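Oh and the sequence shown: position 21 is 27 in the working numbering, straight run, nothing missing.
Just so you know, these hints were derived from the structure itself, not from any lab. Be aware that one or more of the hints could be misleading.
Quick list of the computed label-pair ranges, beta carbon to beta carbon [as the list claims (entries may be wrong)]:
hint: 1; residue 1: M110; residue 2: K35; range: 50 to 60 angstroms
hint: 2; residue 1: L22; residue 2: D82; range: 21 to 31 angstroms
hint: 3; residue 1: V92; residue 2: F51; range: 23 to 33 angstroms
hint: 4; residue 1: I32; residue 2: R89; range: 24 to 34 angstroms
hint: 5; residue 1: A27; residue 2: N111; range: 27 to 37 angstroms
hint: 6; residue 1: E41; residue 2: D113; range: 46 to 56 angstroms
hint: 7; residue 1: M107; residue 2: S74; range: 18 to 28 angstroms
No farther apart than 27 angstroms at their CA atoms in a straight line, the calculated lysine-lysine pairs in the DSSO-like style are these [claimed, not checked]:
hint: 8; residue 1: K95; residue 2: K26
hint: 9; residue 1: K59; residue 2: K26
hint: 10; residue 1: K83; residue 2: K98
hint: 11; residue 1: K78; residue 2: K35
Computed from a predicted structure; not experimentally measured. Cβ atoms here follow ideal geometry from the backbone N, Cα and C, with glycine treated the same way.
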Amino acid sequence: MNNVKNVFSIKDFENLTGIKAHTIRIWEKRYNVLEPMRTDTNIRFYDLAALQKILNVTLLHNHGYKISKIAKLSPDKLNLLVREIVNEKSVKHHAINAFKMAMMNFDQKLFISTYNNL
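Make a model of the complete structure from these sequences and hints.
Below is the structure:
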């Protein structure tokens, strides 16, 4: 029995991304960010690839990229920018943890090496 969901409604997208359904519809219409599949009654639905794309678009949008610029990106460039943001956040998170450890342990060497690495 496969319990993994692989078809999503626009309401699912709204809940997963924090982007209002109305905004998603506008992004589809104005910028062709997504191309939803439709039921016989013309209701939108999306697959896993569309979910991955909207999550990537949302991440870039939340980091200050304009939707008009995001829409023009190739899939490879979109994925590259997302990876760069995630890697940068990981490095910052690691540095913050190292600074906390240095402060708690009064470890001047750790503090200085973390600072110099940044």
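Evaluation of the provided hints:
Distance hint check for M110 and K35: the Cβ-Cβ separation is about 52 angstroms, which falls inside the suggested range of 50 to 60 angstroms. Between L22 and D82 the beta carbons are some 23 angstroms apart, a value that agrees with the proposed interval 21 to 31 angstroms. The hint said 23 to 33 angstroms for the Cβ distance between V92 and F51, and at roughly 28 angstroms that hint holds. In this structure the supplied range 24 to 34 angstroms holds for I32 paired with R89, their Cβ-Cβ distance being about 27 angstroms.
Restraint check, A27 to N111: a C-beta distance of roughly 49 angstroms breaks the suggested window 27 to 37 angstroms. Distance hint check for E41 and D113: the Cβ-Cβ separation is about 53 angstroms, which falls inside the suggested range of 46 to 56 angstroms. Evaluation of the 18 to 28 angstroms hint for M107 and S74 yields a failure: the beta carbon distance comes to about 43 angstroms. Restraint check for K95 and K26: the C-alpha separation of about 25 angstroms stays at or below 27 angstroms, so the hint holds.
With a CA separation close to 16 angstroms, the supplied pair K59 and K26 stays within the 27 angstroms bound. Of the supplied pair hints, the one linking K83 and K98 holds, its CA atoms being roughly 23 angstroms apart against a limit of 27 angstroms. The hinted pair formed by K78 and K35 meets the criterion: a straight-line CA distance of about 14 angstroms does not exceed 27 angstroms.
Checked against the numbered hints above, the structure breaks hints 5 and 7 and satisfies the rest.
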